[in-house]
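Student: So you can see what is in the structure, the chains are spelled out below.
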Amino acid sequence: MTVSTLLVVLVVQRAAAGASEDQWPMPAKDYAATRYSALAQITVGNAKGLRAVWSFSTGVLAGHEGQPLVVHQTMYVVTPYPNVLYAFDLSQEGYPLKWKYRPNVDPAAIGMACCDVVNRGAFFANDRIVYNLLDGHTVAIAAATGREIWNTKVADVRQGETTPMAPFVVGDRVIVGTAGGEYGVRGWVKGLDLATGRVVWTAYNAGPDAEILARPETFRPFYDKGSGLGQTTWPPDGWKHGGAPVWGWLSYDAALDLFYYGTGNPAPYNADQRLGDNKWATSVLARRPGDGTLVWAYQFTPADNWDYDAVQEMILAELTVRGRRRRVLVHFDKNGFAYTIDRATGEVLVAQPYVTVNWAKRVDLTTGRPEVDSTKLTGASRGSVQDICPTLEGGKNQQPAAYSPRTGLFYVPTNNMCMDYHTTPVTYLAGTPFIGLNAPYKPGPGGNLGAVIAWDAGLGKKVWEIKEKYPVWSGALATAGGVVFYGTLDGWFKAVDAKTGSGLWKFKVGSGVVGNPITFTGADGKQYVAVYAGLGGDWALLAGDVRSDDPADVRPPASFMPDLARHTSLGGIVWLFAL
Amino acid sequence: MAIRAVAAAPLIALLVTAGQQAIPPAVRYEQHVFAGGAAPLAGTLENPFKGDRRSVADGEKLFSAFNCDGCHSLGATGGQGPSLADGRWRYGGADGAIFHSIYYGRPRGMPAFGGVLPPDAIWKLVTYLQGLEPAADLSTTSW
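In order, the protein sequences belong to chains C and Z.
Reading the first sequence from the start, the letters are residues 1 to 579 in the working numbering.
Reading the second sequence from the start, the letters are residues 580 to 722 in the working numbering.
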């Protein structure tokens, strides 16, 4: 171990020490992205006694993806655009505001955010709250006072780059990425200095090796060896507007000093325009936080024909796979397969469908490649290709899963839909969508549009399933009390038994849930659970007439889901529950 | 690309009403309230292709070719940009107002296309959008 990696590990351990079980300092609670809490006051036995103890309207109507943070009896809430940051004092009655921070965010970002003006949350590090504004700025705010410490422009909104993801802080590095796979951006991650906000390194996801930071002496992929893959797997210059954005969740293994993130779709959707594997779009990449060095990469969906982004979380766990204890990352891809991967090497150990999949028969573990059903290939030359499962919303999308080391199971919010896919040739025009697609959705087998499942990632098997009427777009929370929490698009917040999936409690929170529940210990020593209500994300575009603040915008309902607007409209509310 | 960017003719050439001084084009909501009750002097932009069937068809093609559908959805029923098919307008539905929305863009995420589309093409887009028929029972939803 070099001195610098030793330092990083020490810094990380210090940060982790401050993050006891009573707090929630980063999006997924811990670096392994488990969304698991050891708090156990709320149990399978008493969860039916949960009640709402507090709520707060954020004043913003867009989709409230993401989650609050709780550190030192203060709760931090970031809203969707215009990205207001609220700090609530949890030690006083009624939880009054300590301060709020109101950034001046460029409204041009509204048109450049493909899928509603969401924000996926903040990260607490070094007594500051670090988060992204939608218009391509990363800010660090003093946790005690709300004062802006730095504000760095990382992305160019005029080129279709926006920044809905939560930053990820490792040691003194703030890692951020750009969205814009629908606008033909060239995806990247950047490492900023936590103290000053200065950009220390930039790593593209496609293009020349020097720019994706793949050096021959350090880049060791398990499957796709060789140099220049970020360029040679594209038509000439295709990678320059090839997408591969970053808008999901990150994780970090301190022992290996690697952080993991997934990349989104290659652009445009019309695969005829970008023949080749299109590396490293729809992939997982493992990099060093200090300087961004690429250590390994694996592509889930080579030559993506279906908009199967791979930005979903990579949850770190230690599991038994075929009799051997392995340190793995587990990933539920949009493409419908759940992958269990050796996180040191990138070797795929298990890859099984967790939802209905028909674009590929299986994943070949010796090559790492899916066996694609050629009748499901798309591209403008193939016209409208019928009945592909899952849809481009994915078996799962941004909604993060949780992992309970207590049950050894992953709790996964899923979508159950299939689609037709009809692409057309499209011209790159900076700052406009680079898509060219008509893809009507239909319900998947069974007719329920979503489900929450419990998954055994060592075996690659579903253990139980709760069918839901609508896609489950909220994240999951697992606790040591044996309770799993999640929310639904029609506005229920639910607690279920982690072992069996049986329902324990539910409460109607006022708008559809697309955010992620968290839990913490309050000043009174009691366990609380917090979640956002606030329909939106892709459903702001797809649900039909769920927006009532604009008299000049009335929309028809989605054919595959005509009645969601019967149960919910937009509206951002922070909720707290306790026994 | 079929329709390549053509340098836009100066907007001023489209002004139908031209006084002694250059009067700005009228861009306003129909329901504007005027200070003192008097409307400001303004030139009116009129759609030269109004109701022309060929222009509607051309406009529909332009709507895809210039990626409008990527933000407003197929049929302009609303995506990250508002519905343009509901007969309701944030910035006004008069010829000049829609022209202005496309030529100069609008602040909350509508790009300015004046630099890539010549005025004729914009008027065809206006003609297409004006031709979209809103549903008869648009204002009420019932289950």
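Bear in mind the hints are in silico, worked out from the structure with no lab data behind them.
Idealized CB from N, CA, C, for every residue including glycine.
Mixed in with the good hints, there may be bad ones.
What the hints assert, rightly or not - Output of the computed footprint for chain Z on chain C, the stretches with three or more beta carbons under 8 angstroms from beta carbons of chain Z:
(1) 99 to 110
(2) 421 to 431
(3) 548 to 557
(4) 570 to 578
Student: Next step is simple, just say for each hint if it's right about the structure.
Tutor: Do the hints match the structure? See the list:
no., hint, result
1, 99 to 110, "holds (count 4)"
2, 421 to 431, "holds (count 5)"
3, 548 to 557, "holds (count 8)"
4, 570 to 578, "violated (count 0)"
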